[in-house]
Amino acid sequence: MIEFQQIGLSLGGKPVIAEVSLRIAPGEFAVLIGPSGAGKSSLLRMVNRLLEPDRGQVLVGGVPVREQEPTALRRRIGYVIQSTGLFPHRTVAQNIATVPGLLQWPVARIAARTAELMALLHLDEALAERYPHQLSGGQQQRVGVARALAADPEILLMDEPFAALDAVTRRALQAELLQIQRSSGKTVLMVTHDLDEALRLGTRIHLLDGGRLLQSGTPLELMTRPASPEVSAFLGLTLGDPPGREP
Amino acid sequence: MALGLAAALGLSFVSHAPNRLSSGQGIALIELAPALLTWPALLLLLGLFMPPTRRWQLASAVGNAALLLGLLWLAGDAAARLAQDSALARTSLGAGFWILAVVCLLALADAVQGWVALLAALALSLGLALLLAGGSLDQLALMREYANRRELFHDALWQHLQILLATLLPALVIGLPLGAAAARNGHLNQVLFPVLNLIQTIPSLALFALLIAPMALLAAVWPLLADWGLAGIGLAPAVLALLLYSLLPIVRSTAAGLQQVPAAVLDSARGMGMTGRQIFWRVELPIALPLLLAGLRVATVQTVGLAVVAALIGAGGLGSLIFQGLLSSAADLVLLGVLPVLALGLLADAMFKGLVRMLAQ
Chain A
1 MIEFQQIGLS
11 LGGKPVIAEV
21 SLRIAPGEFA
31 VLIGPSGAGK
41 SSLLRMVNRL
51 LEPDRGQVLV
61 GGVPVREQEP
71 TALRRRIGYV
81 IQSTGLFPHR
91 TVAQNIATVP
101 GLLQWPVARI
111 AARTAELMAL
121 LHLDEALAER
131 YPHQLSGGQQ
141 QRVGVARALA
151 ADPEILLMDE
161 PFAALDAVTR
171 RALQAELLQI
181 QRSSGKTVLM
191 VTHDLDEALR
201 LGTRIHLLDG
211 GRLLQSGTPL
221 ELMTRPASPE
231 VSAFLGLTLG
241 DPPGREP
Chain B
248 MALGLAAALG
258 LSFVSHAPNR
268 LSSGQGIALI
278 ELAPALLTWP
288 ALLLLLGLFM
298 PPTRRWQLAS
308 AVGNAALLLG
318 LLWLAGDAAA
328 RLAQDSALAR
338 TSLGAGFWIL
348 AVVCLLALAD
358 AVQGWVALLA
368 ALALSLGLAL
378 LLAGGSLDQL
388 ALMREYANRR
398 ELFHDALWQH
408 LQILLATLLP
418 ALVIGLPLGA
428 AAARNGHLNQ
438 VLFPVLNLIQ
448 TIPSLALFAL
458 LIAPMALLAA
468 VWPLLADWGL
478 AGIGLAPAVL
488 ALLLYSLLPI
498 VRSTAAGLQQ
508 VPAAVLDSAR
518 GMGMTGRQIF
528 WRVELPIALP
538 LLLAGLRVAT
548 VQTVGLAVVA
558 ALIGAGGLGS
568 LIFQGLLSSA
578 ADLVLLGVLP
588 VLALGLLADA
598 MFKGLVRMLA
608 Q
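Chains A and B, in that order, give the protein sequences. Mapping to the working numbering: the first sequence position 16 is 16, numbers consecutive. Heads up, the working numbering is the position in the second sequence plus 247, with the first residue counted as 1.
Where hints are given, some of them may not hold.
To be verified - Among the chain A residues that face chain B by a calculated CB cut under 7 Å, a handful are:
id : residue
1  : Tyr79
2  : Ile81
3  : Leu102
4  : Ile180
5  : Gln181
6  : Arg182
7  : Thr224
Claimed, not checked - Where chain B lies over chain A, by a calculated footprint (3+ residues, C-beta under 8 Å):
id : stretch
8  : 62-73
9  : 160-173
Said to hold, decoys possible - Part of the chain A face toward chain B, derived, beta carbon under 8 Å:
id : residue
10 : Ser36
11 : Asn48
12 : Leu51
13 : Thr98
14 : Val99
Simulated from the structure, these hints should not be mistaken for laboratory data. We treat Cβ as the ideally placed atom computed from N, Cα and C, and that holds for glycine.
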């Protein structure tokens, strides 16, 4: 579904990503994990062309994204970020209806889809006419996820979506996301620095550090067969310092 | 409050003169209406010290509005009685009236907020309109000046509005893109704002004068421009100067409004597949709008006031009435020019504030 081929990226002369190749199968819940500055978000943003790699290419659905029109590509891919990026001047319902609106769906279909998504994300109907600043953090992120799912994209990109939430809300949203992903069969690519989250949600985990891919595998494979001392340190399997962190 | 009280009792409420040129003789309020109005007025002033409960505020508002209209009527009535001697006689509103009126307005503004304030303003306007239509103010010097120069006044008011429109529309057309560009481009930002700030510091009269020579030259070199109305004096340099002044508030507020759009909002807008144009019109502009309107409000109010000075270089407008009045030391003619300017400024201010409040909901 998504394929990174020998990606390289430098920002301001500093290498951010060096030679990363990885492949995400349809229906997979892929997690990119690693310390900050590992290049996770940069990789994610290359999928919907918010960022272009210096070297290598990204394929979505077997076609290089470079050959796909950015706006059309982005409308086919759901996008959720940590600070939600909800439109402050639009109501919850209007926020959710953004991409269907861009795709010029008929009004009735948009209304039906919005109601459906609010039910799916356990958002009370009464919230439809509220504005984002009137919601709690957890509700805001539910709207963020609903908005990303609105046009029924095959791929969902999530950049640390739950990092700003309290532990209880995060757990609830993680469980709901997992259920939605399982029942819909969507391909999810999530960036996180929270190992707990990665192990709970990911069907496949890609551990990055300093712009390199350290290891890819299922949670079980990572935990039982860490490829290097760095990996086992990051996973907390040894007493050594995890990579990328100050001693 | 003591001031208001002194004004109510002592200072001249209206001043009467046998003709337009001689100076008038003051008549105090107690001479006009000894008990009728002074006592309720006293009570109202006391009302200011009452606890600010809703009921007291409402009573104070109604009372002050009624008092204000009553004072006006009283002045008009006195003028009508005094005018019986001769058609040349002039009765002007005196210091006593103005102070009382200001006290009333302040008390009124203090008592009402939000929608009630709007209602109070409407009620006052309606009362004023009734007094005017009923002819009870006709004999006041202000209205006599108006009656004598009805055409001139209407022309001046219309010209003033034209200057306002001819300034603000181009200022928006130029200022919005300039502000949008400044919000994105730091270099432009660093060049643009010092220039606009510099313009703002030039005294208006000096700027008008500075523009006379180059504009006259342009008109002389290209007669076509002169045919379009471009000249050293008159409307063209006035509008150009006012335009330059109004650019700063508009450009600055546009840039500030656009810069306060959160980066995450822009990122998610792009990530959802909005085109650059869609992001501007559907996301950036709506979020920037309250600040932008605040800038437009400043520009409008400022232009209403500065356009008065533009009369000095022959642009016309209400300023021409004011300067005519000043030159012939006819205070009421000055007033006839000042009051509409004041009203226009307040109206524009209230309108934009209302718009911003509506948007905030």
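Hint check:
Because the smallest distance between the Cβ of tyrosine 79 of chain A and any Cβ of chain B comes to about 4 Å, under 7 Å, the interface hint for this residue holds. For isoleucine 81 of chain A, the interface hint holds, since its Cβ comes within 7 Å of a Cβ in chain B; the closest pair sits about 6 Å apart. Nearest Cβ of chain B to the Cβ of leucine 102 of chain A: about 6 Å, under the 7 Å cut. The hint holds. With a cut of 7 Å, the hint placing isoleucine 180 of chain A at the interface with chain B is violated, because the nearest CB-to-CB distance is about 19 Å.
Evaluation of the glutamine 181 of chain A hint against chain B yields a violated restraint, the C-beta minimum of about 19 Å exceeding 7 Å. At its closest, the beta carbon of arginine 182 of chain A sits 24 Å from a beta carbon of chain B; the interface hint therefore is violated under the 7 Å criterion. The beta carbon of threonine 224 of chain A comes no nearer than 36 Å to any beta carbon in chain B, farther than 7 Å, and the hint placing it at the interface is violated. Note: the stretch 62-73 of chain A has 4 residues with beta-carbon separation from chain B under 8 Å; the three-residue rule is met and the coverage holds.
With 0 residues bearing a CB less than 8 Å from a CB of chain B, the stretch 160-173 of chain A misses the requirement of three and the coverage assertion fails. Against a cut-off of 8 Å between C-beta atoms, the interface hint on serine 36 of chain A is violated, since the closest Cβ of chain B lies about 17 Å away. With a least beta-carbon distance of about 6 Å to chain B, the hint placing asparagine 48 of chain A at the interface is held under the 8 Å criterion. Proximity of leucine 51 of chain A to chain B is violated relative to the hint, the smallest CB-CB distance being about 11 Å (cut-off 8 Å).
Checking threonine 98 of chain A against chain B: minimum C-beta separation of about 6 Å stays under 8 Å; hint holds. The criterion of a C-beta within 8 Å of any C-beta in chain B is met by valine 99 of chain A, whose closest approach is roughly 5 Å, and the hint holds.
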